Amino acid sequence: MPEISRDDATLPHTDAESIVDVLSLAENLKTEMRHSWLSNGRQESVAEHTWMMSVAAVLMAPHLQHPVDLGQTLKLIALHDIAEAITGDIPYFEESARKDTKLADEAGAVETMCRMLPGASGTLLFDLWREYEDCETPEARFARALDKLEVQHQHNLADLQTWTEQELGLVYTKMDSECAHDTALMTLLAVIRSRAEKKMQHGGIDPIEVKARVF
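Our numbering numbers the first residue of the sequence shown as 12 and each following residue consecutively.
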């Protein structure tokens, strides 16, 4: 196959270099650990969380009460945590100064990546990140619901000893508002919550008492 000359390429070499630089930065998500553990006792990375959300999106899309563009949803999922390649992950329940500035810090990180990229790629990255954060489209609402559901599912697979006291209560508070718009998501939530309750019971924790403390 003849080598493509620089003049014939649809992607200028310098733009390709920029994309590879951002991919190199995004590799941080493979080593950035979340406050979730895997079934084998190892902490979960941000990239692994994103992958499981993608699998859930593919499997759930045909069953949604309100259909979505699966391709667009997968784009949102792929990039929804991209800022954490710079800012790092912050647990949902953390109370801290960095949690207070989380959205602003992540916006700044995304803007940094956009400036690194060629124009069309940078614009696409920003638009997808903004769509997810604004949560106004069916695809964004679906993606955000899966974000919350995946977290609880992963906790269900991990050792109960890795759960914090706050995470016991989140079984009853974190998922509902994100899933309420679609009956299929609420059914998935019910299964995930039921398994969380069984896990608590097997670990000697009364789900009824946990729920009473929350409400």
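The hints are simulated quantities; they were obtained by calculation from the structure and are not laboratory data.
None of the values given here were measured: they were computed from a predicted structure.
Do not rely on the hints blindly, as some may be mistaken.
Said to hold, decoys possible - The following label-pair restraints were derived from C-beta to C-beta distances:
| # | residue 1 | residue 2 | range |
| --- | --- | --- | --- |
| 1 | Arg224 | Ala131 | 48 to 58 Å |
| 2 | Glu105 | Cys146 | 17 to 27 Å |
| 3 | His213 | Gln54 | 37 to 47 Å |
| 4 | Phe226 | Arg126 | 37 to 47 Å |
| 5 | Pro78 | Glu105 | 31 to 41 Å |
Said to hold, decoys possible - Once the Cα atoms are required to be at most 20 Å apart in a straight line, the calculated DMTMM-like pairs of lysine to aspartate or glutamate come out as:
| # | residue 1 | residue 2 |
| --- | --- | --- |
| 6 | Lys113 | Glu220 |
| 7 | Lys209 | Glu220 |
| 8 | Lys110 | Asp100 |
| 9 | Lys41 | Asp26 |
| 10 | Lys86 | Glu147 |
| 11 | Lys113 | Glu142 |
| 12 | Lys86 | Asp111 |
| 13 | Lys222 | Glu176 |
| 14 | Lys210 | Glu220 |
| 15 | Lys185 | Asp138 |
| 16 | Lys209 | Asp187 |
| 17 | Lys41 | Asp80 |
| 18 | Lys86 | Glu105 |
Note that beta-carbon positions come from the ideal geometry of N, C-alpha and C, so glycine has one too.
Worksheet item: Given the hint that Lys86 pairs with Asp111, does the C-alpha gap stay at or below 20 Å?
Response: Status violated; Cα separation ~27 Å.
Worksheet entry | Satisfaction of hint between Glu220 and Lys113, Cα-Cα up to 20 Å | Violated. Lys113 to Glu220 sits at ~32 Å, over the 20 Å cutoff.
Discussion item. Next pair to validate is Lys210 with Glu220; report whether the Cα-Cα distance is within 20 Å.
Written reply: holds, 14 Å
Worksheet item: Between His213 and Gln54, is the Cβ distance one that fits in 37 to 47 Å?
Response: Taking Cβ atoms as reference, His213 and Gln54 lie about 22 Å apart, which means the hint is violated.
Discussion item. For the hint 17 to 27 Å, verify it against the beta carbon of Glu105 and that of Cys146.
Written reply: holds, 21 Å
Item to complete: Take the C-beta atom of Arg224 and the C-beta atom of Ala131, compute their distance, and say whether it sits inside 48 to 58 Å.
Response: 50 Å Cβ-Cβ, so the 48 to 58 Å window holds.
Discussion item. Tell me if the straight-line CA distance from Lys110 to Asp100 falls inside 20 Å.
Written reply: Given that 20 Å is the threshold and the Cα spacing comes to 10 Å, the pair holds.
Worksheet item: Hey, Lys41 versus Asp80, does the alpha-carbon distance stay inside 20 Å?
Response: violated, 27 Å
Worksheet item: Okay, Pro78 versus Glu105 on CB: inside 31 to 41 Å?
Response: Distance hint for Pro78, Glu105 holds at roughly 35 Å.
Worksheet item: Holds or violated: are the alpha carbons of Lys86 and Glu105 at most 20 Å from each other?
Response: violated, 27 Å
Discussion item. Between the alpha carbons of Lys185 and Asp138, is the straight-line distance 20 Å or under?
Written reply: violated, 26 Å
Worksheet item: So does Phe226 sit 37 to 47 Å from Arg126, Cβ to Cβ?
Response: holds, 46 Å
When each numbered hint is compared with the structure, violations occur for hints 3, 6, 9, 12, 15, 17, 18.
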